[in-house]
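J.: Here are the chains, one letter per residue:
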Amino acid sequence: MPHYERGMALKTEPMVEQLELMGCIQCGKCTGGCPVARKTVLNIRSLIYDMLVEPELDVNAHPELWDCTCCFTCVERCPKDVRPADLIIGLRGQLVEGGRIPETIGAALMGVFRQGNPTGLAREDRAAWLDGVDEKQRTAVKAAQDGCEVLLFVGCSPAYDLRVQVVPRALVRAFTVAGLDFGTLGTEESCCGNEVRRMGEMGLFEMLVEENGELIRGAGARRVVTTSPHCFNTLKNEYGLDVGGTGAATSDIGHASASKIEVLHYTQLIAELIEQGRLAFSNEVRKTVTYHDPCFLGKQNHVFDEPRAILKAIPGLKLVEMDRSRERSLCCEGGGGRMWAEGTNLEERLAFQRVQEAADTGAEVLAVACPFCLLTLEDAVKVQGLDERLRVMDIMELVDLALNDDGEV
Amino acid sequence: MELQPRIGVYICHCGVNISATVDVEQVAAYAATLPGVVVARDYLYMCSDPGQALIQQDIEALGLNRVVVASCSPRMHEPTFQGAAQQVGLNPYLVEMANIREQCSWVHTDRERATEKAKLLVASVVAKAAWLEPLEEREVGVTPGALVIGGGVAGMIAALDVADAGFPVYLVEKGDHLGGRVAELNRTFPTLESVPELLGPLVERVQTHPNVSVLLNSRVAEVEGYVGNFEVTVVESQSPKPKAQGPNPKSQSPGQGDGGRRVEVGAIIVATGYDVFDPHRKPELGYGQYPNVITSLEMEQRLAEGDLSGQMGDKPIKSVAFIQCVGSRDVQVGNPYCSRVCCMYTAKQASLVRDLLPDAQVTVFYMDVRTFGKGAEEFYDEARAKGVLYRRGTVSEIIRRGDRVMLAGEDTLQGRPFEFEADLVVLAVGMEARVDADELSMLLKLPRSSDGFFLELHPKLRPVDTAVDGVTLAGCCQGPKDISDTVAQAKAAASSALIPLIRGTVPAESATAVVDADWCAGCGMCVEVCPYGAPALDPLWGVSRINPVLCKGCGSCAVTCPSKAIRLMHFTPAQIMAQVDALMGVE
Amino acid sequence: MQTSGVKRQTSNVKGQTNGDRASGGPVTRDQGSPKPAALVIGGGIAGIQAALDIADAGYPVYLVEREPSIGGRMAQLDKTFPTLDCSSCILTPKMVDVGRHPNIELMTYSEVVSVAALDGAPPEESASPTRGFRVRVRKKPRYVDLDRCTGCGLCAAACRMKGRVVSRFDEGIANRSAIYVPFPQAVPLKYTVDPSACLYLTRGRCGKTFLCKEACPADAIDFEQQEELVDLDVETIIVATGFDLLDPRLKPEFGYDVYPEVMTGVEFERLSSASGPTMGKITVSGREPKDVVFIKCVGSRDPHTGVPYCSRVCCMYTAKHAHLVRDKLPDARITIFYMDVRAFGKGYEEFYDRVKHERVIYRRGEPSEVYRLRKNGDDTGRVVVLAEDTLLGRPIEVEADLVVLATAVVPRTDVAEVAGLLGLERSPDGFFQEAHAKLSPVDTNLDRIFMAGCCQGPKDIPDTVAQAKAAASSALGVLSRCERKLTFDV
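Chains as they are written, first to last, in the working numbering: chain W, 51 to 459; chain G, 935 to 1521; chain U, 281 to 770.
To be clear, the hints were calculated from the coordinates, so they are not data collected in a lab.
Hints should not be assumed to be uniformly reliable.
Incomplete in silico selection of chain G near chain U, CB under 8 angstroms [said to hold, decoys possible]:
| # | residue |
| --- | --- |
| 1 | A1099 |
| 2 | E1312 |
| 3 | C1488 |
Idealized CB from N, CA, C, for every residue including glycine.
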């Protein structure tokens, strides 16, 4: 298509001012810590400098913009409080507006728009994962719209992906055992929008925030718990749920919708339940396990200890740490829209390196707490031929094993 | 009022600072019409010699008994105009200022309205001027002696200067030895002198000086009094394991008993130094996880021992990397400021490592190289000439690679990321305000700057004085600096301390609070509320009396008194109400 | 208040006295014995601060300043970093204090001619028991009677050379008369005749009459005035003679003196100053610049110019200049070329951050040359700065209509003379050598002679003030010991 060749000149000054890029001293810490910089031409420092010194930037000349996983290492480490990843998201926004996006990303966005999930599967089927839960426990799952204390925000991958569905099912089982009063939004739940925003589609994101936000507040739950760290990240930091509903200064007693809502990742809630004694593990799980910190849970939101607390509470389980753990965990390349875009370098996948690191610890299980990590790392294990040595499992799968014999694993 | 006020009003142009926005001639013409005003003039620079001469001439020729100067903030020139008046025999407290610069011409752009505002301001001050009363100028005697808190280089130098001038000095040190942080170093930059050789004679001079009393293992528990007359309580500190003392120690232990020892001095110098940034706060650099990653202070020790291996055993050291700006210039850890000395000490350590391990690769990863001092740039040149490689680009994280570590960063001049392997990594950790600075802050009522260090009175012209009269700062407790700048500052603090000590007196506040005994009900609220202990209830008469020497004129008592028995001189109700009335247009 | 005088003799007195005190009158003595005195050479902020500290402690101080007014370089500045205080506003109170201080004898337009130990030997060889100094000061003739001059300025307005004498204070940007005060807040605010510019003094006649004398209502002008030599006995000396700036013509590739668009940092200060020749308006060749480029390290860190050291203050004053331009020209494009950004002091890094947020672009790379921009063979009135942007990794050309050079801080041209006068040693960088690099930054190689400020090496105002007070502390030690007749091994 002839139009595709044309450049897309963006006047740099407005975005420099809007994103306050002027504080940058070009120290290089962002590119230096960027996981994909080593395998692509993506150089965020250099992009910032171009924005600062050139009057225009040809956004279309940078296909590597789609390589960013939005792990936000650059944001976390910048000594001058510049947010380099925000530039990438901003430039992506320009490309989205200009209609110059990879096809697969366009399809994912369209799926969210139409059916509330990036794979574009029918909205009606969003609650189908519950079919795998036995009836007694299934009835414990309320319709959150009718009111509940804890709202489980399921998420798209956990709802639709056959591999990931085990996780919310295990959560249901655990919550029932713990006697939690919880519910889900069922088929009314839409994609949280975390990846949508990071792919640059601000308009769609704002729509999702409005719809989901209304539903969540209307449910009256004091706490929202998510399966995925991506949902956790956006619901916690970008939805404004922790500042009360419509901004009303006072709330009538009983109007929980005007009060602050606490957003948790499931590892935080499960760890709390264990600590409170509401969840106790009867079975031993004799495995050596190493844990991979997901970027959206660890690096960005500093939740490092709770997942480890859960693993340590499982009897018989031996926890070993990889060298690259916690703040230095190696991104699996699942975030930032990467689940729907291959990126510019297919040969070297960080996930390959990661599973090798896991295998080198001598662990039998690589535990994860994120659906994207689960999928990318499991795929990497297969491609690298490590299936005999290493198995990728979500923490909840291990919890499930420890809780009852008839878990799906 | 006995005398009819004869007020002279002087409107300053301040070059164009005021006159560009305010029509000063109009204001002067207006001022001439105000009640009590005998003469009103405008002039280019009232603070200049001829400007002041104008005032002086008018006082003499026209018999002025009140002066109003409408110009800049009184913080700039109030003493100047008071002094000018005093020179020709007018009590300085009969001079008042109207701020038509910082509060008018500098903050407004509409000329017409700014001029009207200036007129109002002048009118209000003229109204006050009619009610001004002459106040007594007092002087207080000064206890000839100084207290220095902190026995590092700053404290020692300050103590020596005061002692050399012939005054007794108490040097209070929390630890069990003198020398502070410098004592932990191996060599200094840029001359690469040995620290023990440098410090030894200094410590000895302090310990043997007839005028210096060194109080080791001591800390200041309480400070009472005011400039010239401080009463300080020194108690035992909880100190770490004792180290060998220098030759001929003349240290004394603090007094027996719980009360500690009371020391009376005329001036206090704070030289409490700094803390070192804890690199555990940057977990991505692997400090505490890998034995290969150490701090610069640990490197100093190893250089002193001549053995860099530390916990790494016999493994050969083929590559040594230095990382600058760890904990400095970094808002992520709350330290946006520069620690000033790290570029130089890193160049020093890198040079010494090159000497020690001629076959090793020595690399410094930096953002800017700040080698600004005397001989510093030349030293940096020499380091590079020796083969120390400087790479622009700071390290983002450190990962293990076998026995070695791998530094991930970007070389910003090559424009691409690197994975750099090293055997030994040295973190150039920065300086921070001491954790116990809060305590001292409360004791001495010393404010802090936003970077946590103690705040000096003016960042340009008063680098060692503080908001508390009689208390000066020396060394790194005021902000990061190297040894030569610390020594200069310590001597500067000594100079500030010596002024009242040598003079033997200090001026006391004249605008103090006064109790009208007829109205005083003896409730004692003023005594409770005063931060300086100035009011006391007379045991015989049951009324409050305020010690004019202790009173600092803060006004808390005047505001608190339920009987309205207390007036704060120079800010009396009559004066303030006159100002308010003038501003509201009430006759 | 009482002052205590020191024994002094005057030789070769002719005509009126040239005392700088605002009011005359005999000097009274304290308890019959004179208080030991100090001499401060140099009346910039370093000398001012040192003199004030010593005088506040009660000792008499002679402050000798070569120019007609004290204030030094700081008086030339517009605003100071990082607080953006107006320099004159914070300096003049101190200048006024000096002028009025009963313990300070201010000798402006004067020079030290010789220094000898009290036994006549040169300072370093003295065996005299009191080890003080006899200093001879030449008070240059101003041709104006200081007791009569009121600073009214009518003489300058009438002068035949009005507007034709280049003003050094204004760095050549403005002109003055042959009779002048260097700046409006001068202390003392008294006029001086410039002997190199006055027609009468250079050519023997000034038209038919002296216009200045005619205009002066106080009859203060006296062309018969002679220089006066005064001997002072002091116990201690502080040298605070300051610095000079590198002649930018030593870096001809930047086109200074060739292109009117290229100026030095201190020229920019005068341009920006509200009391300067343009009342603070920044214009070049009559136009407001749209593209401003600042070049740092002009001559510094450069063995070719003989200045291998860093001048320490330029990174910060350049950031300040950029801020001032942004303040006055909100739409200008401002670029700073740098090698490193040395923002090391208190509040300095934060100021650098602030300036960057004001859309000042920092480009890494030391420019190689500046040349005239021509379009179609026509002179555009703009220049081009050629540099390599080392972060982009390629050469760039930036157009500018104003280029400001941060020239190196160098020792004064008379530093050898001053050194010779006292016997001071100099460091390899040419400034005065301190006794010990770490522990004695203000001590010289000579006993009882100290130094302060930029004569020891480039530094900013807070470090200068600290050093001045440090030197004062050393001086106070000497004076106090003399007064109390104490002896230590110091």
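J.: Taking the hints in turn, state whether each one holds.
T.: Status of the hints after comparison with the structure:
1. For A1099(G), the interface hint holds, since its Cβ comes within 8 angstroms of a Cβ in chain U; the closest pair sits about 4 angstroms apart.
2. Residue-level restraint check for E1312(G) holds (minimum Cβ-Cβ distance to chain U is 5 angstroms; threshold 8 angstroms).
3. Given the 8 angstroms rule on beta carbons, the hint for C1488(G) is violated: about 24 angstroms separates it from the nearest Cβ of chain U.
The structure fails to meet hint 3 from the earlier list, while all remaining hints are met.
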